[in-house]
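> One-letter residues, chain by chain:
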Amino acid sequence: MPDLVDELKFRDPVRARALSEALAREVDAAGRTITLMHVCGSHEQAIARFGLRATFPRRLDIIMGPGCPVCVTDTPEVDEAVALALQGATVCTYGDMLRLPGTRRSLADAQGEGAKVEVVYGVSQAVDLARSRPGEQVVFFASGFETTAVATAAVLLSGVPENFSVLSAHKYVPAAMDLVSTLPETNVEGFIAAGHAAIITGWGIFEPFAARTRTPVVVAGFEPLDVLAAVLELVRLVRAGRPEVVNCYPRCVSREGNRPAQEKLWKVFDVVGGNWRGIAAVPRGNLELRPEWDSVNARRRFTIDTAAVGGASHNLLAEHCICGRIMSGLAKPSDCTLFGGECRPESPVGACMVSSEGSCKIWHVYGGPPDLSEVA
Amino acid sequence: MKPDDRIGMKHGAGGRAMRSLIEEVFLGLASPVDGIGLAALDDGAAIRVGDRWLILTTDSHVVHPIFFPGGDIGRLAVSGTVNDLAMMGATEPLGLTCAVILEEGFPRDELIRIRDSMRDASREADAPIVTGDTKVMGHGEVDGIVINTAGVGLCDRVVTDAGLRPGDRILITGTVGDHGMAVMVKRHALGIEGNLRSDVAPLNGLIRAALAAGGDDVVAMKDPTRGGLASVLHEMAGKAGVGVLLDERAVPVNPEVRAAGDLLGIDPLVVANEGKAVIGVRPGAVDRVLAALRGHPLGRRAALVGTAIGDRPGQVILDTGLGKRLLAEPDGEPLPRIC
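One line per chain: the protein sequences are A and B, in this order.
Taking my numbering, the leading residue of the first sequence gets 1, the next gets one more, and so forth.
Taking my numbering, the leading residue of the second sequence gets 377, the next gets one more, and so forth.
The reader is advised that the hints may include incorrect statements.
Stretch by stretch, here's where chain B covers chain A in the computed footprint (C-beta under 8 angstroms, at least three residues) [stated by the list, open to error]: (1) 11–18; (2) 52–62; (3) 353–365.
Subject to a maximum C-alpha distance of 20 angstroms in a straight line, what follows is the list of computed SDA-like cross-link-like pairs (lysine to any residue) [what the hints assert, rightly or not]: (4) K9(A) x R634(B); (5) K9(A) x P631(B); (6) K615(B) x R392(B); (7) K9(A) x A635(B); (8) K562(B) x D128(A); (9) K116(A) x M385(B).
For the record, the hints were derived by calculation from the structure and aren't laboratory data.
By construction, the Cβ of each residue, glycine as well, lies at the ideal position given by its N, Cα and C atoms.
Here chain A stands alone, though its shape is the one from the complex:
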């Protein structure tokens, strides 16, 4: 039987080689190091999983910015979820969120102490759980960018049982790029924007950013050829000094995006400021339920006693963690003294090693520092 996935043209090694060669020529012609940033764990996964870094020109630096919504979920947000769980609520969340460190406990730790914490694969599964357990208060600890926030919004709009509520840790993608462009230490010359979020928001949303920061943006998909083509296009824009937005994912992304999804999103959520773990206070960084949804907003509905789970952290290793610098694109996972040693997926110190969208976890899962140039 032919393997259908292998026939996908977006993984064609011959076309990949042609793109890599064109990229090498462009970077060569630039005669200097060019630094680009993507802001999405799925892009880092594609780069790492397919071994693309080993093929990039030496003078092309592609770094991952704050593109992992789980990683930037802040300690007090985790504390809220932990407190709710310890207060007796059933807290449902994505598997990635389970081991995210709170001040003193992660949700996994709370689970170990007997709290009811359930891993779900989507918000609707959490709603089903609430329906099947009418006697319990079920709180969905919601995480993700616009892509998953739309799912949360759609479920709320379609009606949820009385014992269901949402603790939102949803993050807003455009904020991630705004944040990096304001950091004084960065020298990022172009951004690769996440294709799946752009399916919802449309690529037009990046135009004000490109104009304001004089930085080109390319919207990219997640197959190897998508990434290579987008990188090539971005290097060309950088070289030409053209701060434009180019859509390299036209098979999925339009200028306007998915209007019905946007309507759902903004009916339920509002953009608010908030702290991103290890980075900074980010204006317009978080998505919070609008006031008219107070009845399903766990923050409004319950008194959350975070003082009970707060206090001083016990983790001395955390002082050495450089997740904040990594997420700001100022350091690489391999620059961290804890990476792969004290900090591993089964015993993560920092948030970037917890989530499968985190750059440390991705580097670790896909084999560590990708220096295979000498292997035949």
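Dock chain B against chain A, hints included.
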């Protein structure tokens, strides 16, 4: 890194954590033996008996759910032990044991189904179940059913999992990831079962064919159960002091498994198999052994997937066709990801 105070699920997941636990705790039980003992951490033990080898192995089986597409815990319990014997070179099991621990309240009709499935697998493998033991524990003291099987067999030549040397070729007897993906999708009720089916099967007939074709040129064997192909290749590379160059595009993966893996963010290379073997052969024997494998119903999709190299001992380098990277040794049970 300091060891954990308490045992976690990762300590049973077949990866690095489990290997550390075994090395730090159970190796303390190892004692000298004429042959291959506990210290080798192979699929089983080999004890010299006259001029032949007695192969002995044991395995406890727990699986959720106990009935899954393509098999059940009974077929798993028989196949697992038959396969561990076969991986050492004993392809004609003399006898198996069957010890069952049941939870109070376990349905009798399910037990009968499991019994029938064990009987069928034992006939398929020509591996008689010759003795057993039954225990019942209170409600909540054990989760449903646990089955332990042990097996013995004789062979003239032992094949270890440590026999690779640079230049040797690495074969896989068929598609990877089928068992773990089928069980995972059913366990987490992901609703994408489709055609996902476990590959659980006794492999002794297939291995007999490979050994008959390859003879002494079959130098290493291991079944890629928990931790999948990635874990087993690390183990084989580490024990032999070689590196492994794995050609990702040559590894057979069913489209359903690949699609489910893409959806869940789980690489089929780290997903468990229960009816596959990784076989290291000298370069001259590749065609012979592959032909023999492909001539057997369980080996139709056997493929040459890698080469042992002198560089980077203990590491596995994955050639994706688009670039190269190191393949990490899995750390624990793979979990589906967000978005």
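> Could you run down the list of hints and mark each one as holding or not?
Hints and how they fare:
1. 11–18: holds (count 3)
2. 52–62: Held - the stretch 52–62 of chain A has 4 residues with a Cβ nearer than 8 angstroms to chain B, which meets the minimum of three.
3. 353–365: holds (count 5)
4. K9(A) x R634(B): Holds. K9(A) to R634(B) sits at ~16 angstroms (cutoff 20 angstroms).
5. K9(A) x P631(B): Judged against 20 angstroms, a Cα distance of about 16 angstroms means the pair holds.
6. K615(B) x R392(B): holds, 14 angstroms
7. K9(A) x A635(B): holds, 16 angstroms
8. K562(B) x D128(A): holds, 17 angstroms
9. K116(A) x M385(B): holds, 18 angstroms
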